[in-house]
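Participant: Residue-level listing of the chains:
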Amino acid sequence: MIICSDITKSYSHGGRHKPVLNGVNLAIHRGDRVGLLGRNGAGKSTLIKLIGGVEMPTSGKIIRGMSVSWPLGFNGGFQGSLTGLDNARFIARIYQREYADIRRFVEEFTELGKQLRMPVKTYSSGMRARLAFALSLAIEFECYLIDEIILVGDQNFQRKCRTEMFERRQDRSMIVASHSPEFLKHYCNKAIVIHQTKATMYDDVNEAVERYEAL
Amino acid sequence: MAKSSLHRLRNSWAVQLRVIHALMIRELITRFGRENIGFLWVMAEPLLFAGLVGLLWHFTHGSTEHGVGVIAFVATGYIPITLFRHGVARSVAVFTVNQSLLYHRQIKIVDFILSRFIIEFLGGMMAYLFMAVVLIGFGEFPIPSDLGLLIAGWLLYSLFCLSVCLIIAPLSEMSEAMEKFIPVTTYIMIPFSGLFYMVSWMTPGARDFLLLSPFVNGMEMMRKGIWGDQVTAYYNIWNPIICSAIAILMGLILCRRVRRKLTIE
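Residue numbers (the working numbering), protein chains in the order written: chain A, 1 to 215; chain B, 1001 to 1265.
Pulled out of the complex, with its shape left as it was, chain B reads as follows (with noise of 0.2 Å):
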């Protein structure tokens, strides 16, 4: 029984693994078409944002800021930032706008909000390698001092983000309102994403007040990878894992209570 029930599950596995694959891949032919440079579009938007918002800090603020490089700085927080804002953002009516491919049962709900994470998610790491690769030519970056910190940041930072996906996803479906409700959302976010500065900047008060915020703890962790002893960083690994965690299983539910609901044309 045990045995029986073992595999069945390892090929539900396989067929979920199959399904997101093939959504992946037509969300990219969708999305960027067979044309010129094709799916490497995926890193252009947050490598455009992160370097001409750093170029612009780098004229308005000076070179260097609490002894760290203005553009680098600016542009590792604004990729976890687009991550975030384009993962929403792709998330909102994922069901209503996929629904003619959930006349095939092996797709799922999730399978929707998955595919389309992951090809943020990827296309934010690959934005994020070229742009290190390229500043750290120009002298502009220094070479991560632990990168394994930094991957386990951008994890954490790309796990809360998902969870969010998940629960967007089908409250977006529930309510209208709601999709009015998320881009100024988004907006208000960005002084609770760590985007602009180090906690260790801020007065203990306001410390304590922001490391409450999952997105400011992953990003402590990636700053804290890249420059090593040049920064002070305050951050909890539960944090982020205990947030998204409950906003996984928060996400699930719902996800599962709008597919009862959901109605097909």
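In isolation and in its complexed conformation, chain A is listed as follows (with noise of 0.2 Å):
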């Protein structure tokens, strides 16, 4: 379970404060399926990283009762200049993992063949959210935080993680970032609305997405 209780998350930038999140009580159970709706700059991505542990909250405190993935999004996670192996076996190494094995799955799983010796600077988006996807994947998290990323991919990308996330996973949690109602009204069983720095929890996906589309 991950447990959110009174967050508060602002930005402050040359003596401006721009609030972003007020006060955001949120449980998350395992096995939750949770969509975040949200207009741009609504707040998505800074809940999404402040639940990753990747940003701290201004007030309030985060409790993850179980293991989470680092945010997978378009930034973050990589360091470009080292090829894609070099990234695949640093995250081995800092999650005591076995780096043949992750190789093994990450190549399987990835088909960039080649690509994947070459500096991560050079991808496309849609292979970085390949890349980023294989790894996490190959670690086994028990809760997955997804930001917009996975429309990204090509029919064959989304297939793959379609029975890999959705359907032989179906166990474990997931926070999913995205625009597309249908995407989030066909896997999500849960949905946060994130407006004028609230946040919404709805146990029904199809009256989230109305709220959503009626913002």
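Since the hints were derived computationally from the structure, they do not count as laboratory data.
Heads up, a few of these hints could be off.
Derived lysine to any residue pairs resembling SDA-like cross-links, with alpha carbons at most 25 Å apart [as the list claims (entries may be wrong)]: (1) K1261/B / E1176/B; (2) K198/A / H179/A; (3) K61/A / P19/A; (4) K121/A / R1031/B; (5) K121/A / L1262/B; (6) K61/A / H1104/B; (7) K190/A / E164/A; (8) K1108/B / E98/A; (9) K1261/B / R89/A; (10) K121/A / L1028/B; (11) K121/A / Q1106/B; (12) K1108/B / M1/A; (13) K18/A / T1096/B; (14) K1261/B / M1174/B; (15) K18/A / E1265/B; (16) K198/A / I63/A; (17) K61/A / V1258/B; (18) K1108/B / R89/A; (19) K1261/B / I3/A.
Across the chosen pairs, the derived CB separations fall in these ranges [unchecked claim]: (20) P1191/B / E107/A: 54 to 60 Å; (21) P1183/B / E167/A: 54 to 60 Å; (22) A1014/B / F74/A: 30 to 36 Å; (23) P1183/B / E140/A: 43 to 49 Å; (24) S59/A / R1008/B: 22 to 28 Å; (25) L1048/B / D171/A: 57 to 63 Å; (26) H17/A / P1183/B: 29 to 35 Å.
Reference listing, derived: stretches of chain B covered by chain A, where coverage requires no fewer than 3 residues with Cβ under 8 Å from a Cβ of chain A [to be verified]: (27) 1023 to 1032; (28) 1100 to 1111.
Remember, predicted model here, so these are calculated numbers, not experimental data.
Glycine residues also receive a C-beta, built at the ideal position from the N, C-alpha and C atoms.
Put the complex together from the two separate chains, hints included.
Facilitator: Right, dumping it as structure tokens:
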């Protein structure tokens, strides 16, 4: 279970203060698949970063009762100047996994072939998504944080994600930020709508989508 | 309860060791690549610096000064100061440069500073050893009379360097102006680093003043360890220990404050 209690987050720059989240209380249970809805800049990525421990809340507390992946998104998690395989080796080291196992899975899942020996900064966003997913799936987290990225892949990648993430790992929790209502309706059983620094949890995804579309 | 928290501490310690190890390997690959001599480059710069300046002094000041070999004297001064200057330079903006790695929760910002510093520290030690062996071969360097004192001096000097890095790194994130002051500060530092002199060559007034610097205390220990009875050294081991402890405490507090506010792309 992940509990966010009374979280606020504000960014300040040059004396200006911008509140992003204010008084957010959430509980995410084991096996929950939570969709995250909100307009651009509403704070979806911020909430994911806070839950992932990448940034710290200005006040409030986050308690993680299960292993949580790093936020899988367009940025972060990789060192651009290193090759895909060097990144895999680094991640295997810090998560204490066998590099050989991780590498086998990454080669099979990403189908990137020789490209894995090139620096990650030369990758397209689709290729980064493949690598990030492959690594986090190989490590086997109990809760996955996914920031928009799932929809950038091609058909083949999306099919693989579906089998690996949504069919084989149904017992895992997931928090997915996405602008695609169809995707969320199909795969999530709960949804959070973020609007004007408030986050509201809905047990009915359809209701959340209606609320989001009315914004 | 006490047992479980001890267990947790041991686990976390193991995680941090693993992270620092991984960060060091990553740093070595990105900085030196896998071609030619690879990570041995880490000792190239301190060696070149110490060697060339030593030679320069050899020709301008003669081969000995106050009864000790000039090349060895300059070299033993330059390698520690290179550790300090490199350590500080590598600490500036270290969090921003590595921010994408903060996506992994087990990596703490202090790990960035530690992993970079350990590389400089090992590089400095390798350079020291290499230089001493070569110079001993040429008869320009004495066999250290007290190896323990030399190592203790090096460790205290390094500890203080590390504690300064722990302060510089968060400060450089807090204000951009800091960054501009660092080169000139490390330059001004040189006279207070014990690089070109033994304190015993100074007047008593200057001596007391210079011995306030933790660097000078560490340097005196190292030189006493090398030349033994040939030189008179003044030092107090508590000066670098106390200064480092205070600086480390301040640095860790600053790191914690900066981490809370760090914005990561």
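Participant: Now look at each hint and say whether the structure bears it out.
Facilitator: Evaluated hints:
Between the alpha carbons of K1261/B and E1176/B the distance comes to roughly 16 Å, so the proposed pair stays at or under 25 Å and holds. Our distance criterion of 25 Å between C-alpha atoms is met by K198/A and H179/A, whose separation comes to about 18 Å. Only pairs whose Cα atoms come within 25 Å are accepted, and K61/A paired with P19/A is accepted, the gap being roughly 17 Å. Using a Cα cut-off of 25 Å, the hinted pair K121/A and R1031/B holds, with the two alpha carbons roughly 16 Å apart.
Distance restraint check for K121/A and L1262/B: the Cα-Cα separation of roughly 23 Å lies within the 25 Å cut-off, and the hinted pair is therefore satisfied. Under the criterion of a C-alpha separation no larger than 25 Å, the hint pairing K61/A with H1104/B is consistent with the structure, at around 19 Å. For the hint linking K190/A to E164/A, the alpha-carbon distance of about 20 Å falls within 25 Å, and the restraint holds. This hinted pair checks out: K1108/B and E98/A have alpha carbons roughly 22 Å apart, not beyond 25 Å.
Of the pairs offered as hints, the one joining K1261/B and R89/A is violated, with about 30 Å between alpha carbons and a cut-off of 25 Å exceeded. Distance restraint check for K121/A and L1028/B: the Cα-Cα separation of roughly 19 Å lies within the 25 Å cut-off, and the hinted pair is therefore satisfied. Our distance criterion of 25 Å between C-alpha atoms is met by K121/A and Q1106/B, whose separation comes to about 23 Å. Of the supplied pair hints, the one linking K1108/B and M1/A holds, its CA atoms being roughly 24 Å apart against a limit of 25 Å.
Restraint check for K18/A and T1096/B: satisfied, since their Cα atoms lie roughly 21 Å apart, inside the 25 Å limit. Our distance criterion of 25 Å between C-alpha atoms is met by K1261/B and M1174/B, whose separation comes to about 10 Å. A C-alpha spacing of about 16 Å is found between K18/A and E1265/B, which places the hinted pair at or below 25 Å, so the restraint holds. Proximity of K198/A to I63/A is assessed by CA-CA distance (about 19 Å); at most 25 Å being required, the pair is judged to hold.
A hinted pair counts as satisfied when its Cα atoms are at most 25 Å apart, and K61/A with V1258/B qualifies at roughly 18 Å. This hinted pair checks out: K1108/B and R89/A have alpha carbons roughly 19 Å apart, not beyond 25 Å. Taking the CA atoms of K1261/B and I3/A, the gap is near 21 Å; set against the 25 Å cutoff, the hint holds. A C-beta distance of roughly 57 Å is found between P1191/B and E107/A, which places it inside the suggested range of 54 to 60 Å.
The hinted range of 54 to 60 Å is satisfied by P1183/B and E167/A, whose Cβ atoms lie roughly 58 Å apart. A1014/B and F74/A have their C-beta atoms about 32 Å apart, which keeps the hinted 30 to 36 Å range intact. Roughly 47 Å separates the CB atoms of P1183/B and E140/A, a value that falls within the hinted 43 to 49 Å. The hint said 22 to 28 Å for the Cβ distance between S59/A and R1008/B, and at roughly 25 Å that hint holds.
Distance hint check: the CB atoms of L1048/B and D171/A are about 59 Å apart, consistent with the given range 57 to 63 Å. Range check, H17/A to P1183/B: Cβ separation about 33 Å, and the 29 to 35 Å hint holds. Residues of the stretch 1023 to 1032 of chain B lying with their CB closer than 8 Å to a CB of chain A number 4, which satisfies the three-residue condition for coverage. Proximity of the stretch 1100 to 1111 of chain B to chain A, defined as three or more residues with a beta carbon under 8 Å from a beta carbon of that chain, is established by the 8 residues found.
Taken one by one, the earlier hints fail for this structure only at number 9.
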